[in-house]
Amino acid sequence: MNKVQPNIQKALEGIQNGMTLMIGGFGLCGIPENAIKELVKMGVKDLTCISNNAGVDDYGLGLLLQAKQIKKMISSYVGENEEFERQMLSGELEVDLIPQGSLAERCRAGGAGIPAFFTPAGYGTEVAVGKEVRIFNNKPHILEQALTADFSIVKAWKGDTEGNLIYKATAMNFNPMMAMAGKITIAEVEELVPAGTLDPNFIHTPGIFVQRVFQGEVFEKRIEQRTVRTR
Amino acid sequence: MALNKIGIAKRIAQELRDGWYVNLGIGIPTLVANYVPEGLSVEFQSENGVLGMGPFPFEGEEDADLINAGKQTITVKSGAAFFDSATSFAMIRGKHVQLTVLGAMEVSQNGDIANWKIPGKMVKGMGGAMDLVASAENIIVAMMHSNKAGESKLLRECSLPLTGVGCVKKIVTELAVLEIMGGAFHLLERAPGVTVEEIVSKTEGALVVPEFVPEMVL
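Listed in order, the protein sequences are those of chains A and B. Be aware that the first sequence starts at 1307, since it is given in this note's numbering, and climbs by one per residue. Be aware that the second sequence starts at 4, since it is given in this note's numbering, and climbs by one per residue.
What the hints contain is simulated information worked out from the structure, not anything from laboratory work. It cannot be assumed that every hint is accurate.
[Claimed, not checked] With a straight-line Cα cutoff of 25 Å, these simulated DSS-like cross-link-like pairs (lysine-lysine) come out:
#1 A/K1351 - B/K205
#2 A/K1527 - B/K124
#3 A/K1378 - A/K1464
#4 A/K1377 - B/K120
#5 B/K120 - A/K1378
#6 B/K8 - B/K127
#7 A/K1378 - B/K127
#8 B/K120 - B/K80
#9 A/K1377 - B/K172
#10 A/K1445 - B/K172
#11 B/K127 - A/K1374
#12 A/K1374 - B/K124
#13 B/K151 - B/K120
#14 A/K1437 - B/K8
#15 A/K1445 - B/K13
#16 B/K124 - B/K98
#17 B/K98 - B/K151
#18 A/K1445 - B/K173
#19 B/K80 - B/K205
#20 A/K1347 - A/K1309
#21 A/K1378 - A/K1343
#22 A/K1377 - A/K1437
#23 A/K1437 - B/K120
#24 A/K1377 - B/K13
#25 A/K1343 - A/K1464
#26 A/K1464 - B/K124
#27 A/K1474 - B/K80
#28 B/K205 - A/K1437
#29 A/K1527 - B/K80
#30 A/K1377 - A/K1489
#31 B/K151 - B/K13
#32 B/K124 - A/K1378
#33 B/K172 - B/K151
#34 A/K1374 - A/K1343
[Unchecked claim] Below, a sample of chain B positions facing chain A; criterion: calculated Cβ distance under 8 Å:
#35 L69
#36 I95
#37 H99
Owing to the predicted nature of the structure, the values given are computational and were not obtained by experimental measurement. We put the CB at the ideal spot given by N, CA and C, even for glycine.
Please build the complete structure, drawing on both the sequences and the hints.
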């Protein structure tokens, strides 16, 4: 089986209206920017997107929001995006906000074959409404269920032809768990190398979790909050 | 005189202990990193996946792949480590992080905290705040004593949607250091020149005031 995709169109083939997609990234860091732009071109609609954030107005998942291709967002933090706020307040967009650690663990659980787990996060808040509560070690915990996706789209720094991935710095974030939780996982990489080039000791995501890999064409890597100090 | 934001950060920095791993929230908490007492070795964790955060980069050295939880460009110190979001929250949920400092819109006398949502007005999401407050054994809230409308933020009960219940132990405001014990705020210290009367008048929740309230030493 050849995991390497000749182009982005082939890489995203099969993504259809109404599907659930996991999209890696934290803010604009580590998002599969080429794939997101291609999803806009494809025009697929009524998507449920699981992603920690929703991009900014004109970049990242904000592009899919602008084009009204997203029906539901599952995220932990969605500030910095006016179009998102507008669609949510007007009821056009369904939003499920979950604590960031629970979101990460729900993706991990989905990929690891664990259907649900108990966590203290959100107990006593509106996040806990309708969820089973159990006491462990004298402390209340709520039941959170695993998440999976029809397609997971992740972004890595380096990938090989076997689908093994290495991420860079904090661009790792949600990508490894989402890679595990997709029925089909597509990896957009900055540098695609032949199998055997990457040191097996330093692989972050083993290729078993990745069905398709492609080299992204352009990486703009926009910075959301440029903060510097003076010399 | 009431403290400014830097004063609040300096006072919180006095709570740091050698060898601690610390998670700092956005806003005043971020400033705490600038005032680590000399001789202490403290590592800062950012929930987007880094341990050993350093200062902001020099101009021209920003790396889009290296940010903190506030999405700001950062650097790392030698000995830093990167990891995924599930591992990051394992550190937090598993109590491997010794101190969490975060801001709040309201805190109640039993330690409830509200800091993520104003219904109909601000709906940005909780990010990692709910995971942090539910698990941290040591939470310090850094905030102003009153909101912009002049209403006390130290309440009998929170009016805004909660982030966590019964979790806040200590609060540092521009006026005072307070501890939460047995369902009441306990006044520990007052800012230099601030009177006990002013703190009492600006605290809506139950406040226990000892006979002698020392001034903060900054």
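- For this structure, which hints from the list above don't hold up? 1, 2, 3, 8, 9, 14, 15, 16, 17, 19, 24, 26, 28, 37
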